[in-house]
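Colleague: Using the hints, position chain S against chain F.
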Amino acid sequence: MSEWLESAISRGHQIDDWLAPKRTQAIDLLSTTPWPTRKTEAWRYTSLRAVQNSKAHEIETKTNLLPEHITNLSAIELVFVNGKLDKQQLPDVLPKGLSISLGSDLNKEQQSQALANFSDIKPKRHLFGLVNDALAQDVVIVNVEDGFNIKQPLRISSLLSLGAESHTRVQVTLGKESHLAVIEDVQAEGDSLCTAFVEYQVSAKAHLEHYRFALQTGSNVAVGGCHFNLLDHSSMHSTIVAFGSDLSRLDTDIIHSGEFVDAKLNAIYLLDGNELFDLHATVEHAMPNGTTEENVRCIVAGRSKAVFNGRIHIHRDAQKTLAELNNRNLLMTNTAEINTKPELEIYADDVRCAHGATSAQVDKQALYYLQTRGIDRAKASVMLNFGFINELIDLMPNTVLSEWIRPIIRNRFSAMEVK
Amino acid sequence: MSNTKSLLTIKDLYAGIEEKQIIKGFNLDIKPGEVHAIMGPNGAGKSTMGYVLSGRDGYEVESGSVTFNGQNLLEMEIEERANAGLFLAFQYPVEIPGVSNLEFLKASVDAVRAANGEEAISSSELLKQAKAACKQVDLPLAFLKRGVNEGFSGGEKKRNELMQMLLLKPKLCILDETDSGLDIDALQLVAKGVNSQRSEDRSFIIVTHYQRLLDYIKPDFVHVLADGKIVKSGDASLALELESQGYAWLENGNVEAKIEG
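Protein chains in written order, with this note's numbering: chain F, 1 to 419; chain S, 1 to 261.
Hints may be right or wrong, so weigh each one.
A partial selection of chain F residues facing chain S, derived with a Cβ cut-off under 8 Å [claimed, not checked]:
#1 Lys87
#2 Lys364
#3 Gln365
#4 Ala366
#5 Gln371
#6 Thr372
#7 Gly374
#8 Met383
#9 Gly387
#10 Phe388
#11 Ile389
#12 Asp394
Because the hints were derived from the structure by calculation, they are not lab data.
All residues carry an ideal CB built from backbone N, CA and C; glycine is no exception.
So here's chain F without its partners, still in its complex pose (with noise of 0.2 Å):
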């Protein structure tokens, strides 16, 4: 065992608060696991020598950080400083429907029940979501009542001032027939460590739009996850961005628990220098009739790192399942690497599941195609590559959020493409 490791392990018996019982089950369990090695598969290719290495701690004091600005946005902040929800930027009124409460504010009976529902969707095989079980500073729990649409995002912003550690938690649940947009975020100094992790229950016919802007580059280390449960007849659409820096990692996990559920996800990565970013992205159809596309884009320089591992498990009774899984890379230079691997475990016979991955430098047919009018074959492929990655901002339901992104994330492919 890793004396990180060892050293999380001490803090969390330390911690004596309601979430006491869970925090000794993630205890229990992380003590008998092994630290992951190369062998290791799920962290084959990233290793953790940046968490072993990091030398961040949490910091006590509040600092004046405060989310970026995103034009035209107007979002319920919830925003954590260091890992501790800061009050004062919440708004003092919520749309009606719409509760956010701190679990340790709660009464007895609440905490209880917040209690029963902790961890229950995030499964327990995510080592950093076990960390984060018995490290969490604040757990925060989001409820929309049944039948509300919430017409403002939620924005979840985690900042980190230099060399914080902070380990971040939210419980959302949506109440049948209701619609909410979250959107995650993180902003760091550096020499940070984040482990930052949010469980969705979407009820029926809920709707769940949901961002992860995974924008932290250089010595920030985040490892973090987003777990979905969707029941009868929900949706949700999510899309994912991310650059990455010396360690960044994300475990998804779709769970269709209902019927009929339609879920998208999009995920872009625009990766340089010694950069990683990994994805690791599961699907469970546990249900019939259940819908699944996911798009995964990488562009990769320098000797940037991207990974992902897109796993899509079709359980015996999720007859009538239609999976798609599509994993597009493009490599900038030869000293950058992916690695990806789609899995796709079948065990119901009426089902459509498709899944590919390529790693490929320009679609020639349309380098043709804007060559004969006349734009010559650098810019042509400076606009493909650009393509390749727009298509899915374009696709993003909140047009506000496409406009912010797509400057920053055409800027930094600009620049790597400089080199």
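Modeller: Here is chain S on its own, set in the frame of chain F:
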């Protein structure tokens, strides 16, 4: 007319893809302002002609020469040919999701302008021109924001090709089976667009399998392409003749007889 300098001269061209020879001794001379129709059965090499002239990768020229506006076309890059005024309207235009039509049009118009020593067009001026062009070919303005040809119907793709032609103002337009898959209304619209662009200094090669487009775009010359070369040339009446006879006579090995007759 004979004193006018040629815009395009193709001499004894042999070309093909990989090892397969498709164009086998092709000759054609086009003067500014002329409209030439090239007709022929499937597999005659009609589309290959367009690809070879545009410089598509994989299409190799074995021998022969192509002079375009006084320059050796075969030595030019694909984009240089376009910037020199060659435009190929594709039979099956490619879809490019993620690259907006407007962004693409700007890059394209700017490239052609730069080649002519002109400054880049302002975004507002381009938008104005693009809107007018959309109107002329009856494409909804929303299509300017969509990905290039993304989710467009066959007819919409053809009209998008025409829209680009209107903006780029080429010297020579090659329309590769632009009529295929179009209903009569769309066909008339395309023809109207093309006719509006006919001028003394702009030439057209209309590649088509059927005569019907030529009811609306009156060609100066009609050529019959078979097995990689022109086997018969004539005026617009040749197209009608082909329509009534079909192409079967070409395949029966009596090409020579027919030409002599």
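Colleague: Now tell me, hint by hint, if it's right for this structure.
Modeller: Results of checking the hints against the structure:
With a cut of 8 Å, the hint placing lysine 87 of chain F at the interface with chain S is violated, because the nearest CB-to-CB distance is about 41 Å. Because the beta carbon of lysine 364 of chain F sits about 7 Å from the nearest beta carbon in chain S, less than 8 Å, this interface hint is met. Restraint check, glutamine 365 of chain F versus chain S: the minimum CB separation of about 5 Å is within 8 Å; hint holds. The restraint placing alanine 366 of chain F at the interface with chain S holds, with a minimum CB-CB distance near 5 Å, inside the 8 Å limit.
For glutamine 371 of chain F, the shortest C-beta to C-beta distance to chain S is roughly 4 Å, which falls under 8 Å, so the interface hint holds. Annotation: interface hint on threonine 372 of chain F holds; nearest CB of chain S at approximately 5 Å, less than 8 Å. Interface restraint check: glycine 374 of chain F against chain S, minimum CB-CB distance 4 Å, threshold 8 Å, status holds. Taking 8 Å as the C-beta contact cut-off toward chain S, the hint placing methionine 383 of chain F at the interface holds, the least distance being around 5 Å.
Look at glycine 387 of chain F: its Cβ gets to within about 3 Å of chain S, closer than 8 Å, so that hint holds up. The interface hint given for phenylalanine 388 of chain F holds, since its Cβ lies 6 Å from the closest Cβ of chain S, which is under the 8 Å cut-off. For isoleucine 389 of chain F, the shortest C-beta to C-beta distance to chain S is roughly 7 Å, which falls under 8 Å, so the interface hint holds. Satisfaction of the interface hint for aspartate 394 of chain F is found here, the shortest Cβ-Cβ separation to chain S being roughly 7 Å, below the 8 Å cut-off.
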